[in-house]
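For reference, the chains in residue letters:
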Amino acid sequence: MVTLIKMLVIGLDGATWKVIKDNINEFPTIKKLMNEGYHKTITVRGKPLSVPLWCTIFSGKKPEEHGHEEFVVNGKLLHRDDINLDFIWDILNKQGYKAFAINIPFVLPPYNFNTQFDAISYGLPETEEEWEKELWSVTEKAKDLLQTKPDLLCVVYTLLDRVQHYYWGSSEVVRWYKKIDDSIKELIQFDNKIILLSDHGFCSFGEAKIKTLKKANIDGREVKGDHHEEAILIAKNINYDIKNPEDIFYAIMNEFNGNKNGTEE
Amino acid sequence: MPRNVTTVSIPKPLADKIRERIKGTGFNGISSYVTYVLRTVLTKVGEKGNNKAKEAFTKEDEEEVKARLRSLGYLD
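Protein sequences, first through last, are from chains A and B.
Using the numbering used here, read the first sequence as starting at 15 and increasing by one per residue.
Using the numbering used here, read the second sequence as starting at 42 and increasing by one per residue.
The hints are simulated quantities; they were obtained by calculation from the structure and are not laboratory data.
Glycine included, every Cβ here is placed at the ideal spot set by N, Cα and C.
Possibly wrong hints are sitting among the right ones.
FRET-style restraints, in silico, Cβ to Cβ [to be verified]:
(1) E200/A x L55/B: 42 to 52 Å
(2) E40/A x L55/B: 34 to 44 Å
(3) D95/A x L116/B: 18 to 28 Å
(4) T99/B x D255/A: 44 to 54 Å
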């Protein structure tokens, strides 16, 4: 039986508590969500990489279970059809719920479900102009869909990860978090059940337990930060104790179906 | 004008609205915004709902993606 749930899941690729908690008063929307729900650190057990983690977050399968680790395998850019997984939107859609996904970066260009969205720069925005475009276009697309009152909308912003690659440790990072905070404010007015999360955190180069990036890119541009195993989670009106990345899937399933296994009852 | 672009006429009031809408968005002019919107509208829908079906994703697109992955340090 289909029940009336309205849920919004906002992913911030690479967002970290280090920036948020040190500058919390700069981010009134995130602060409000933290006060209205619960928040915690989600520690990634394996490599803190976006591809396996976004797959895990939305499929409920651990990285070692789904095996999808890279955008490119044997020189071939993978597509959605190459990944044999049912995601939360696939399952809920089959159950009759109106589920959408925008800009989910487990493949490139990032994946969309039930809607069209042309990702900025194939989902790999690298310049300030491209970051502005992604912020604006993802927010506008999400608002358009939220106005149709979907049961579930999952949306991911990738720009913070890229900003941190090049500006980690500078005030630029806080400036872009503030812009994201403004965008989140525009989205959360539509729904009451909200999850805000990152796939991994971020840190100074060399600080991470598992190094994932090179010190300089192929153009010689210095990479200032690296991925960190500690991701963020804020959950408002979510009746599930999320402890691991795969629990996001189960938390969503629990809201709609009241069970953990994602099967139709 | 570059040889790979062409001119399209739109009503002036619409152009004015677009000019207002793109303030602070990263779009550097009406043309880039209109290109973005039209591309979004015209993009083919793939089997599972993705924006670009495999056949619509060209070899040039794929090379550009790989170049960006290299630039970000994700690909050797």
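Discussion item. Output the indices of the hints that this structure fails to meet, ascending.
Written reply: 1
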